[in-house]
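With chain Y's structure known, arrange chain X on it following the hints.
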Amino acid sequence: MHDRRVDGKTLKFGNQGALFMSAMTWWDHGTQSIWSQPWGSAIDGPLSGTALTLIPAAVVPWATWLKQHPKTTVVANGLDQGRGGITRVQDDFVIGVALKDLATAYDFSLAASEQVINDRIGQYPVVVFVDAKARGIEVYLRRPVLPSQDIPGPSELVFKLDEGSRAVDVETRSVWDITRGVAVEGPLRGAILQQIPWVSSFDWAWRDFFPHTTFYEG
Amino acid sequence: MATATPAAWPADLTREGLGVDTDKTSDQASFISEELNPNGPKSVDPRQFRQLLPQDAIRPIYDPVIVGPGEANLDAADLVIGVSIAGESRAYPIRPLRFREMVNDRLGGAPILVTW
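Residue numbers (my numbering), protein chains in the order written: chain Y, 220 to 437; chain X, 1353 to 1468.
Please keep in mind that the hints were generated in silico from the structure rather than gathered at the bench. Treat the hints loosely; a few may be bogus.
Said to hold, decoys possible - Where chain Y lies over chain X, by a calculated footprint (3+ residues, C-beta under 8 Å):
| no. | region |
| --- | --- |
| 1 | 1403-1414 |
| 2 | 1424-1438 |
| 3 | 1443-1449 |
| 4 | 1457-1466 |
As the list claims (entries may be wrong) - Here are the in silico distance ranges between beta carbons for each label pair:
| no. | chain 1 | residue 1 | chain 2 | residue 2 | range |
| --- | --- | --- | --- | --- | --- |
| 5 | Y | S332 | X | L1404 | 35 to 41 Å |
| 6 | Y | G437 | X | F1451 | 33 to 39 Å |
| 7 | Y | D310 | X | R1399 | 30 to 36 Å |
| 8 | Y | S267 | X | L1404 | 20 to 26 Å |
| 9 | X | A1428 | Y | E382 | 26 to 32 Å |
| 10 | X | E1423 | Y | A242 | 42 to 48 Å |
| 11 | X | N1425 | Y | V389 | 43 to 49 Å |
| 12 | Y | V389 | X | L1404 | 47 to 53 Å |
| 13 | X | P1398 | Y | D350 | 17 to 23 Å |
| 14 | Y | G383 | X | R1402 | 47 to 53 Å |
As the list claims (entries may be wrong) - A few chain Y residues that don't get close to chain X, going by computed Cβ distances all over 10 Å:
| no. | residue |
| --- | --- |
| 15 | P265 |
| 16 | W284 |
| 17 | F327 |
| 18 | E333 |
Just so you know, even glycine gets a beta-carbon here, dropped at the ideal spot from N, CA and C.
If we strip away everything but chain Y, and leave its shape as in the complex, we get (with noise of 0.2 Å):
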């Protein structure tokens, strides 16, 4: 998910039909450029080099998402089409975070298996929540924007889980909406996290275009 501004200008984009280190590219109609879907950036044409901003999105099953977001709506194009086949759910991937010139990859059923992982990134301390049961994935900056900066507060928070599934830091135990990033109740009650986008990936994908990636090994 990427947004199609570059330069303050909207850009509009088609299918290239052709493979860039066996992943997907894109052309866009204004200058003609192919763009690589992984890396988000265009690798030919007048715009070669250039990067969209990359945008969060969950990949989740429907109940899930309406739960959370119930006033949603629907792209329908084609949903009547091809219906009876089973969009399988799996557990074969990788979590893959790039963050400037790092990159670390959570393989998906660890990170389930642990729920939360409190990580550094380079100088960026993330945090992975994984509900595998929703499949619900988030991916935040661990630095709490407080609601106001007259306030102290940690500079830098670890996650857990309560005996009730609820995600609290320790250093305030604030109660956090994880879906929603935000705290809603505690002495943090108001501070937002920053969520960092994440793709899932095939973990031989994630090496091929993201070289120097680590992998979170537990």
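Just chain X now, with coordinates in the frame of chain Y:
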């Protein structure tokens, strides 16, 4: 590391103070900093490029049809790509995306590209 003093945190401080509507769903996509964007490739090997089909032989969705949650012909277990921007949420069902692969859309004022 500094520790928050609970007494220092007025109980009525909420996300509205940051201009974020807590009653709406996730607003985080508008809160993405480009600072965190992955850097692009340092070099590209053109030998790794293979043209297989004409452009748009797999036709992207250029004109998405937007419906409410009750009108969507979806089963509970159907996978969707979900995104929220500026309080607006939208689901892109995976099933048609297996044939269409791309959607050019707008959500919460932002032009977005959905790919599968």
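Fill in: Cβ separation check - E333/Y to all of chain X, threshold 10 Å
Per Cβ check, E333/Y is outside 10 Å of chain X; nearest 23 Å; holds.
Fill in: D310/Y versus R1399/X beta-carbon gap, inside 30 to 36 Å or not
34 Å, holds
Discussion item. I want to verify a distance hint. Is the separation of the beta carbons of N1425/X and V389/Y within 43 to 49 Å?
Written reply: Holds: the Cβ-Cβ distance is about 44 Å, inside 43 to 49 Å.
Practice prompt. Tell me if chain Y covers the region 1443-1449 of chain X under the three-residue, 8 Å CB rule, please?
Written response: That given contact holds, which follows from 6 residues of the region 1443-1449 of chain X lying within Cβ reach (below 8 Å) of chain Y.
Fill in: V389/Y paired with L1404/X, Cβ distance criterion 47 to 53 Å
Holds - the Cβ-Cβ distance for V389/Y and L1404/X, about 51 Å, lies within 47 to 53 Å.
Worksheet item: With d taken as the least Cβ-Cβ distance between W284/Y and chain X, does d exceed 10 Å?
Response: 4 Å, violated
Fill in: Verdict for S332/Y, L1404/X (Cβ pair) under range 35 to 41 Å
Between S332/Y and L1404/X, where Cβ atoms are some 38 Å apart, the hint holds.
Worksheet item: Is the hinted range of 17 to 23 Å satisfied by the C-beta distance from P1398/X to D350/Y?
Response: Given range 17 to 23 Å: violated, Cβ gap about 42 Å.
Item to complete: Between the region 1424-1438 of chain X and chain Y, see if three or more residues pass the 8 Å beta-carbon test, and mark the coverage as holds or violated.
Response: Coverage by chain Y holds for the region 1424-1438 of chain X (14 residues, Cβ < 8 Å).
Worksheet item: When you take the CB atoms of S267/Y and L1404/X, is the distance between them in 20 to 26 Å?
Response: With a Cβ separation near 21 Å, S267/Y and L1404/X satisfy 20 to 26 Å, so the hint holds.
Practice prompt. With 42 to 48 Å as the target window, see if E1423/X and A242/Y comply at their CB atoms.
Written response: Cβ of E1423/X to Cβ of A242/Y: about 34 Å, so the range 42 to 48 Å is violated.
Discussion item. How does the region 1457-1466 of chain X fare against chain Y when you require at least three residues with a CB closer than 8 Å, holds or violated?
Written reply: holds (count 6)
Comparing the model with each earlier hint shows violations of hints 10, 13 and 16; every other hint is respected.
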